[in-house]
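Asks: Listed here are the chains, written in short residue letters.
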Amino acid sequence: MHPGDIFSLSFDALIDRKVRTVLTVLMVVLGSSLVVVLNGLSAGQSAFLESQFSALAANIIYVGSGQHSYHGSSSTVSITINNAVLSKISTLPYIESVTPEYSGSVEVDTGGETQHVTVTAMDPTKLTVILPNLQYVNGSTVNPNNRASALVGDTIANPPGATSPFVVLGQTIKLTYSYTATTGKSATEVQNYIVSGIMQPSGNSRIDSSIIISLAAGNQLLHKSTKYDQLIVAADSSDYVTTVQQELTTLYGPTLGVTTPSAIMAVTQKASSGNAAFTLMVGIIALVVGAVGIVTTLYNSVTERIREIGTMKAIGAQNIDILELFIVEAALIGIIGASLGLIIGMAAGYVLSIFTTTNIQGSGDVHIPPIYIPTDLLKVWVLSVTLSLAAGIYPAWKASRLSPMVALRRE
Amino acid sequence: MQSHLIILQKAIWSVTRIVNRDKSGATSNSAKMVSESTELDVRSSSIALGVKNLSKIFDSVAGKVVALDNINFTVKKGEFLSIVGPSGSGKSTLLNMIGALDRPTSGNVYIGGIDIFSLSDSEIATMRNSHIGFIFQSFNLINRTTVLKNVKLPGTIAGMAGSEANMRSIKILEALGIADKASQKPYNLSGGQQQRVAIARSLVNNPTIVLADEPTGNLDTKTGDDVFEMLKTLSHKFKRTIIMVTHNPELAESTDRSILIKDGRIERDVTN
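If you read the sequences in order, they're chains A and B.
Here our numbering is used: the first residue of the first sequence is 137, the next is one more, and so on.
Here our numbering is used: the first residue of the second sequence is 3, the next is one more, and so on.
Note that these hints are calculated values from the structure, not bench results.
Careful: at least some of the hints might be erroneous.
Said to hold, decoys possible - Derived, one-sided and incomplete: chain B residues facing chain A with beta-carbon distance under 10 Å:
id, residue
1, F136
2, S140
3, L143
4, I159
5, G161
6, A163
7, S204
Unchecked claim - Selected chain A positions facing chain B (in silico; Cβ < 10 Å):
id, residue
8, G140
9, D141
10, D152
11, R153
12, I451
13, G452
Claimed, not checked - Cβ pair distances, simulated, as ranges:
id, chain 1, residue 1, chain 2, residue 2, range
14, B, S124, A, A407, 53 to 63 Å
15, A, K515, B, G164, 35 to 45 Å
16, B, S108, A, V428, 25 to 35 Å
Glycine residues also receive a C-beta, built at the ideal position from the N, C-alpha and C atoms.
Let the hints inform the model, and build the full structure from the sequences given.
Replies: Next comes the structure, spelled out in structure tokens:
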């Protein structure tokens, strides 16, 4: 038989059973689109993480109390990071600077509108140590000694989806910090600040969704009693990061949490990869379920069309003709399903990324668009079609092996 | 009816010329020709079908069942033969053997001088396609596709070009008076019309023999008579070799020759 005739007969057979065909194609669509969505979102998340860490300076080491370590398993013992620790670390070799930092969650009120944000208290001039490429909007001024001035991140100043800015330069904002007093009672600390600077998008979501105030102002607002939350240690260059990291570990052991952007990135990417592998498996399971649907559909089709198969063989169809008819049906289901799955999956990924934002460090919602790599899409398409073909082999083989006489006798 | 017969004559001659041209040299190399010493002169150019010492034994729970026991006969080209017999006599089994749908326990079937059971399964399928036309009691048309596609299906299976298969099919449909139904689905036709479509399908590859299994069994008397007359016309006017299984003695008597099968043996072979 000519390939065109086989295609025509197979297509007719699929059209004849429209509902069943559509449902079977839908199974393949669901499987392949699920793989595409999960793949795209995972790739988007990985790219997002990379962009976050690539914006950080490579010579930075974060030093926190042991219990807040990011370096593998958390330690059970920690020391208070105070001026003594700060001074000691500052004297270590290969260290350019040590910047202490307080942080906490506050409510910011612009005189009508409120947001819950992270406030970071540090020397604002040291922001460029962490983010060498940090830029401010025109008119901004950085006043390290002014306790009443604040720098505002881009995500806070211009919330995603908002038609007007949340704050503008020169505006007074009220920060309210809620805490538990030494008496055990809940208390609040309220301070007003003037927005002296607004940062342009830095690529670092933590900074973009923070309000930066001076260290002294932070100590007062957050009631820290000169107990720092973190030290930002800048090594002389990225070549000395490991040396400094080892020195700190030797000096303080597990009582201090010492980590670097590359270590954070390695851990998060490992977690991200594990998550991606898991979600990919879920997608592949969905594809396999779709393939089982094809087996069921074609197997039923063979049973229902047994007299037709008998007739075709009686009038001269070869086993290979019957095999090809059913294989082409499976291939058509696979090709249509996989192609639609790719399109729907890509569209669904974009829609999902718009409607589901990712919360970073509890301080802001970030939109992470999916990333579709053409070779990955091709792999999903080939996998879907291959699974569909594989699913069609057994029913097709069974149909081709039918004896014409037995098939003609079947009611 | 007369005009239909004239058109049918032209159509059959036209298709015969095309197919004979195509079939020249198409006989399989592995096909064994009958030896000169064969008792039946099945190589004679006047013989379409030869059945020699044909037996079929089925294994069943109750033991071995002899369905056909040493059957011998020949059918001349253009002959209209009917096979009659009571239910379970073995007439359908015999038709299945002649149509190469099943293999015998022993014996031979020769079509156009070729021992069909010496062929491989694939060659048998090719032989069925080019040398045998089937007409079934329940028409066995593919309802999801058009009348035209049904009729040209043997040509399609043979790898015939679409335009040629279309041309042949339309000529035969015109001859059978149902060309206007070509684009319809078979389930929209009456029983008689569906059987005409089946007859058209059986003729499209210009087979050596046409096998009809109770072709009027699912039709009312009037329609059955029309279909039977069509088969008679095919045989007498256009020299088609037709072998028809029927349980209707009246129809059997109206054919050129009747073979009565009983308990797997030929009980009577009568020229009418």
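Asks: Any hints this thing doesn't respect? Which numbers, in order?
Replies: Those not satisfied come down to hint 16.
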